[in-house]
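Peer 1: Residue-level listing of the chains:
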Amino acid sequence: MNKQGHQSDDKWLNSLRHKMDGAEVPPPLEGWTRLESALDSPKRGIMLWSWLIPSAVAMLALVFLWNDGMLYTDVERRANNEDTALFIDTPFVDSVMIAPTKGLSISKQSARINYSTQRKVKNSATIISMDESRCSRIAMTEGVELAASDTLVKETEVKSSEQDSTPENNDGVPVTNVHPVHKYTNIYNDYPSIEKEHIRVCRLSLIASSGMISNQKTDVGGNTLASFNPMNIDTNVGKIYEEPESALLYRAKPEYAYDHDFPVKVGLGVTISFAERWAIETGLVYTKLRSRLTDIRDDEKMTQTVHYLGLPLRLNYSWLLRPKYTCYTAFGGIIERAVDARIGDKSLDVHGIQCGLEGALGVQYKLTKQWGVFGEIGVSHYFDDDSHVETYRDEHATSLLLNFGLRLDF
Amino acid sequence: MSNFFSRRRMSFSTDLTEAALAQACAARKRRAQEELYTRYAGALMAICLRYLGNKTEAEDMLQDAFLHIFDCIDKFQYQKSGSLGNWLKQVTRNECLQYLRRQKKWVIDSLEDDFNILQDLEEEYTDSSVINQMSVTELIDLISELPDGYRTVINLVLLDGCSHREAASMMGIQEKTSSSQLLRAKSALAKKINHYIEEKEL
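Sequence order for the protein chains is A and B.
Sequential numbering from 1 applies to the first sequence in the working numbering.
Sequential numbering from 1 applies to the second sequence in the working numbering.
These are calculated hints, taken from the structure and not from any lab test.
These numbers were taken from a predicted model, which means no experiment stands behind them.
Treat each hint with caution, since some may be false.
[Said to hold, decoys possible] Each computed DSS-like pair below joins lysine-lysine, with the alpha-carbon atoms no more than 25 Å apart: (1) B:200 with B:55; (2) B:80 with A:19; (3) B:200 with A:11; (4) A:346 with A:366; (5) B:29 with A:11; (6) A:369 with B:200; (7) A:366 with B:200; (8) B:55 with B:75; (9) B:75 with B:29; (10) A:324 with B:75; (11) A:19 with B:191.
[Stated by the list, open to error] One-sided and incomplete, this derived list gives chain A residues near chain B with beta-carbon spacing under 10 Å: (12) 14; (13) 20; (14) 21; (15) 25.
Positions of the beta carbon are idealized from the N, C-alpha and C atoms, including for glycine.
Let the sequences and hints guide you as you build the complete structure.
Peer 2: This is the structure in structure tokens:
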């Protein structure tokens, strides 16, 4: 029985193979019951993902909120965001900021500024002031219309609460040490010429915004100002905050006619089933909002594009389950944040979180066991995000929804 | 009323073709899943047992294999009679191999094989009539007693018809190592069978 020929080797192996082919061993007695309870319980892999996915979503949301400044203190937000945004949000705003330097003791500051631009500026003009303790808009001048080479004149009075004999400032001008209590008057067009005795300004900062007029010349001008002590003229908007406690901002908005394209969303979704037909969905959604702008004054045409990334959270109910495809209804919310916004090649700063509600009917086609492509049609409603940039959603808060994307099912 | 349901249940069980059964399982019909389990659990249990060599592990593996089967049965494409059974066995075999790979059950020293196997191996055979007299359970028990590497290569190459290249690829070893392992495994199994018969006759 031990050592035999090669033929015998084949024989016993063939017998063994034949015997094993189709062999059955009784399964465990409660095998089906165990299996059925395992089928009814949540899927095994979900335990890990149920922690990972919400954590990832929470992290993304945190980044969104942080970038948006929602986690800043009130003062920080005002200092870092609100006024920056006011100043640079709208790129076609022709802006001039006149900022008396902190600590000036002049009882009256005046400046005469020639603001040369080829663009007419009309509609609202806003004066924004920040005193030492808080930021506030203190004056609005409506209906100021400036034409090319118009002259802006600002008169600022500073009432001294106390006057001490103090050393000279950096520019060699005698400075009275005061807590400046600024009183800003409105800006007038073609303000009467300034009498020299009132012009004791030591330093003024002039900051002009960039934007469409960035290649145009902004100067502080005239013989009047030439007699001033040094003026800080800076076209870098970012420097506006060097001395934020005493800033005056003038801005004016041009008018545009908007023609918005229909937004289409593309997304990467992740669904977690918690019952046979029910699932929670989240993921990352990209939205592009494109608008064509026409300047109603000179018919100049531009294209505005805003790119959003969003985090949806929805409840999906599959009412038709087929091996290859699924039809479902989804309802939930979405928070979005603009990641890039441009008009032409100029970038915009669109801040604010855009929140919305969505309801949709969708079809998902399975590519693999877990990956599928989906298409949805539905209705969405977006709430106002207080942004200065006008998009499709400002005109159509409630609108048709078209979603396409990839989805990972667990 | 209960007869009505039991009759319907029986009809469901016996009338479904392989294709229809697979389709119903893909639609997550619970009774179809139960029917699939009833039809194939024995065969799949045998596979689990001869690959894993341990009854407890085999029972757990059987459940995991069925869970995986129900998850991916929509990929099954019916071709001819018996194709569902073959597909189920293939899925179960892969599950077993993955489990063994995770457990690192086959750590094989290739160098040792190279030097020793062809020179010093004392080949052992047994009689085919002996095999025919033994039950499936007895044979599986003896296969289960083999070391993990031997058992796996016997299962893959000898019993499931894989080539050495395929087996080597599945086990993550060299093709030459697979061949030498099979020679050793066959000898070891033959020795065990002979020893078992001798003990039984005594």
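Peer 1: For every hint, state whether the structure bears it out.
Peer 2: Here's how the hints hold up against the structure:
1. B:200 with B:55: holds (23 Å)
2. B:80 with A:19: holds (23 Å)
3. B:200 with A:11: Measuring from Cα to Cα gives roughly 22 Å; hence the hint holds.
4. A:346 with A:366: Status violated; Cα separation ~41 Å.
5. B:29 with A:11: Violated - the C-alpha atoms of residue 11 of chain A and residue 29 of chain B are around 45 Å apart, more than 25 Å.
6. A:369 with B:200: Cα-Cα ~50 Å, so violated.
7. A:366 with B:200: The given pair, whose Cα atoms are some 56 Å apart, is violated under the 25 Å limit.
8. B:55 with B:75: With Cα atoms ~29 Å apart, residue 55 of chain B and residue 75 of chain B exceed 25 Å; violated.
9. B:75 with B:29: With Cα atoms ~16 Å apart, residue 75 of chain B and residue 29 of chain B stay inside 25 Å; holds.
10. A:324 with B:75: Holds. Residue 324 of chain A to residue 75 of chain B sits at ~9 Å (cutoff 25 Å).
11. A:19 with B:191: holds (18 Å)
12. 14: holds (7 Å)
13. 20: Holds. Min distance 5 Å.
14. 21: holds (8 Å)
15. 25: holds (4 Å)
In this structure, the earlier hints numbered 4, 5, 6, 7 and 8 are contradicted, and the remaining ones agree with it.
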